[in-house]
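Asks: Here's the letter readout for the chains.
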Amino acid sequence: MDERLKVLEIRNIKKKYVIKHIGKSENQTSVFEKVKAKLKSPEKEDFWALSGIDFDVYQGEKVGIIGKNGAGKSTLLKVISRITEPTDGRIEMLGTISSMLEVGTGFNGELTGRENIYLNGAILGMTKAEVDRKFDEIVEFSEVGKFIDTPVKRYSSGMFVRLAFAVASTLESDILLVDEVLAVGDSRFQKKCIDKMKDIASSGRTILFVSHQMNTIRQLCDRVIVLNEGKVIYNGDVEGGIRVYNSEAYTQKSNYVEFADLPRPVGYNLDKAEILSLQILENEPCIFEADESIKFRLHIKTKVENIGDLSFRILIWQADETPVEIAFTKTFANINDVREFDVDVSINDHNLAPGLYKATIILSGGKSTANSENLDYVYPAFIFEVLHSDGTSRSWPRQWGRSHFDDVDVQLVEDGNAQ
Amino acid sequence: MRKTVIEPNGKNFQYWKDIWNYRELALNLAKRDIVVRYKQTRIGLGWALIAPIISTIVSTFIFGTLANLSTDGSAPYFIMVFAGNTAWTMFSRSLTTSSSTFIMNANIMKKVYYPRILSPIGAELAYLVDALISMAMLIIMMLVVGYYPTVRMLLFPVFLFLNLVLGMAFGLFLSAFNIKFRDLAQIIPFAVSIWQYITPVVYSVDSIPEKYRLLYSLNPAAGFVNAFKWCIIGDMKFDWFTFLVAIGWTVVFVPCGIAAFRKSERTFVDLV
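Order-wise, the sequence lines are chains A and B.
First residue of the first sequence: 1, per our numbering; consecutive thereafter.
First residue of the second sequence: 1001, per our numbering; consecutive thereafter.
The hints are simulated quantities; they were obtained by calculation from the structure and are not laboratory data.
None of these values were measured; they are calculated from a predicted model.
From the three backbone atoms N, C-alpha and C, an ideal C-beta is built for every residue, glycine too.
Do not rely on the hints blindly, as some may be mistaken.
Subject to a maximum C-alpha distance of 27 Å in a straight line, what follows is the list of computed DSS-like cross-link-like pairs (lysine-lysine) [unchecked claim]: (1) B/Lys1237 to A/Lys198; (2) B/Lys1110 to B/Lys1237; (3) A/Lys68 to A/Lys231; (4) A/Lys16 to B/Lys1180; (5) A/Lys14 to B/Lys1180; (6) A/Lys153 to B/Lys1003.
If you want a taste of the chain A side facing chain B, the calculated C-beta under 7 Å gives, among others [unchecked claim]: (7) Ile83; (8) Asp88; (9) Glu92; (10) Met93; (11) Gly95; (12) Gly104; (13) Thr112; (14) Arg114; (15) Asp132; (16) Arg133; (17) Asp136; (18) Glu137; (19) Ser254; (20) Asn255; (21) Val257.
Bound conformation, chain B alone:
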């Protein structure tokens, strides 16, 4: 028979085994999120298409046409924006939902045990489905305008996933503070919307003046958004520097985020 030991200070030797035992729950939570998000709407999952298309049209008009920002390689501006948005949305949604996971799921977490990390994982999986729908849309648009994807395209799941992981790592790290300082729930979405402008979503890194480039490249989000755009835009060059910076942030923040999350999941029920 399975033996479980409960002791204070998180001496839980079967943490990862528990997560494995409950793995189906993550899929169920993801399914719930998708069904609930689109069920009541007339066009259902169509919203996963419409939202990125509209924001691409608006960005293309404002940043591409009015502000005349540069694109990467020879890609049409709107293709570059669409790709950038898909990667950025994955990153930012991962961050915001993970950071508020204790508060959003308090009612369930107060009443039943399951490995808490499955809540943000489930939510991220649901957003992954949205991202895949966007990708399908992007490929169709590329075929329509005759800007054909290259073999690099096959790597997009890797970079999409890295965006998810890094966003989630930051989110998990912040979730610990979100319980005690509810102001963070207001600050995070605001900070994220500003962060988008210092990330190469609607413009090319090349348009950043050389002297600011080093500083700019420290932005943790830049590397994976860039890398994602690279696999879609055939003649863009891979920016190793921002990529390695982002890998560095990931290597540091994934363990930090998980550790912070594990520390607060032990007793957050007493605080909310």
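Okay, chain A solo, but in the shape it has when bound:
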């Protein structure tokens, strides 16, 4: 059994929101119909932001909570910090608890820095004696110096967040809940904030930390919980959690993508040709084994005549946006009229290491290779995962790089003479 003191026990926590849809019909033309639609009680739909969360936290642990937007991270922090009530379940906590869900909560522009320190301290649950004791430390950390008796509405936004962070970071509660607040100020102050958080972390207090910054998670946490759609999908060491998070954040659910709403880079006004959609062939979802070809079909539309020779460039990126590979295709068609057509592409021998990737597809066209121009640029065209050739996704050490040679001849040479 675990000898450490359990300070937080979360059991089957659920949180339901009721979403109301106002009935909207297409033919609400008359005033009468509009009024009728308004009076009709809206359709209600239950949305489970948290659907059964279970985990324990022991004294002194620094637990990172990560997940996509909408995974339930903020709702969970709100429930633990008692801002809103769970729909079901039970939480038991030992010791004082305080939350930093936002810095500067309750700051009032008319009040001076000094007055705001006391007010904000009280809102966060500090007594006057505690604030008195911490006052000099707060002022020094915030670097507002002589402006401490100036109304904070005259502060620069940097001064404001520095002061706000300084107050919040002096909280002496046993359990601290932190939501992304480290992203304040300029990069120098951000570093100072992270150092401060590390200090807090090493003082033996328990921290629950929500962030999208994996580097910060790596620096601060010794355990990670990954949430997805209101459930805990991972609870364990940091690197494993980040891998799960990356695959969750990037896994493409569907093998058909339309690009009509995808923003293109500046300069692409799509007046000559456009890639309309992409269909991954054979594999669903986008997971390929190491030696498998990546096959997809593009639906393309030309909008002017005499475009000429069309070709692609296909770029492969890592999930963190590091470029990995590029392919230049041959001219695949010569199109001189306005029409829509399909093109099948197969990337063979990609040699990609197991991992997550994103692809960019650039369509170019022109009368000759020399005056070819870029017509459309879709990124990300699709997101895919490459597995080991045995179908597993076990880790691939960083120092091995992102691609591998698949055809290397090795021959034993006898007596120094080649056969």
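Dock chain B against the given chain A, drawing on the hints supplied.
Replies: What follows is chain B alone, placed relative to chain A:
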């Protein structure tokens, strides 16, 4: 170590203990309200004096001189109006600020936990300071015109407080509805301004015809406003009937108000 349990449906066994732990916050919020209200103004807290004086002058002219409404006992009309206004203002401000507390403080309440009831309590404490300044002004005026306070005056804090409590009880009760029906935010100030006319603020209860007196006395606000005036006006008689009616309303609405408030504070964050 302190143990905290979170469960649905407001099974919070340490509600009152929490309020006690956070008691300093109420004072801080009150201080913020006072500082922010008067800081930018030239005469600062002087406004706490000027506002009741001007409304007393206007009421005295319109109701006392033009309409010739009656005063209580032998008090000069403007003393009676000033006293009535002080009590009524305490009651009505308590009611309106408490009723809108979730909406006014949503930004803070969405981001940090503290016992929510401290927000209206803090706001009421700030208004209490205004009322005390008015009282100081009233005593000075009484000394100036030679209408001396009696020993009853010592009871004014009790009646002022009762006005605060009753107003807050109604306000807390309404706050629950204010989240879902925002129209209430428009209706309440309007209703309160009408309510003032059926409350003995600028006239004496004695001027109400006998046959309507019973109906009139059911007005929850009448009792404590009257009682407040009684402790200032030396020869006014204590109206036990309206007072007991008001006590009745208080006994019913303080628990109702707190219960309604506690019910909505649990999840109002999801609605605003």
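Asks: The structure should be examined with respect to each hint, and the outcome stated for every one.
Replies: Evaluated hints:
Restraint check: the Cα-Cα separation between B/Lys1237 and A/Lys198 comes to about 69 Å, which exceeds 27 Å; the hinted pair is violated. Note on B/Lys1110 and B/Lys1237: the hinted pairing is violated, with a Cα-Cα distance of about 49 Å set against a maximum of 27 Å. The straight-line distance between the Cα atoms of A/Lys68 and A/Lys231 is roughly 12 Å, inside the 27 Å bound, and the hint therefore holds. Among the hinted pairs, A/Lys16 with B/Lys1180 is consistent with the structure: their alpha-carbon atoms are about 18 Å apart, no more than 27 Å.
The suggested pairing of A/Lys14 with B/Lys1180 holds, with an alpha-carbon distance near 23 Å, which does not exceed 27 Å. Note on A/Lys153 and B/Lys1003: the hinted pairing is violated, with a Cα-Cα distance of about 39 Å set against a maximum of 27 Å. The beta carbon of A/Ile83 comes within 5 Å of a beta carbon in chain B, closer than 7 Å, and the hint placing it at the interface holds. Evaluation of the A/Asp88 hint against chain B yields a held restraint, the C-beta minimum of about 6 Å falling below 7 Å.
Given the 7 Å rule on beta carbons, the hint for A/Glu92 holds: about 5 Å separates it from the nearest Cβ of chain B. Checking A/Met93 against chain B by beta carbon gives a least distance of about 4 Å; that is within 7 Å, so the hint holds. For A/Gly95, the interface hint holds, the least distance from its beta-carbon to any beta-carbon of chain B being 5 Å, beneath 7 Å. Interface restraint check: A/Gly104 against chain B, minimum CB-CB distance 9 Å, threshold 7 Å, status violated.
For A/Thr112, the interface hint is violated, the least distance from its beta-carbon to any beta-carbon of chain B being 9 Å, above 7 Å. Given the 7 Å rule on beta carbons, the hint for A/Arg114 is violated: about 11 Å separates it from the nearest Cβ of chain B. Taking 7 Å as the C-beta contact cut-off toward chain B, the hint placing A/Asp132 at the interface is violated, the least distance being around 12 Å. At about 14 Å, the closest approach between the beta carbon of A/Arg133 and any beta carbon in chain B exceeds 7 Å, and the interface hint on this residue is violated.
A cut of 7 Å between beta carbons decides the hint on A/Asp136: the least distance to chain B is about 20 Å, and the hint is violated. For A/Glu137, the shortest C-beta to C-beta distance to chain B is roughly 20 Å, which exceeds 7 Å, and the interface hint is violated. Taking 7 Å as the C-beta contact cut-off toward chain B, the hint placing A/Ser254 at the interface is violated, the least distance being around 31 Å. Because the beta carbon of A/Asn255 sits about 36 Å from the nearest beta carbon in chain B, more than 7 Å, this interface hint is broken.
Given the 7 Å rule on beta carbons, the hint for A/Val257 is violated: about 34 Å separates it from the nearest Cβ of chain B.
Violated hints, in rising order: 1, 2, 6, 12, 13, 14, 15, 16, 17, 18, 19, 20, 21; the structure is consistent with all others.
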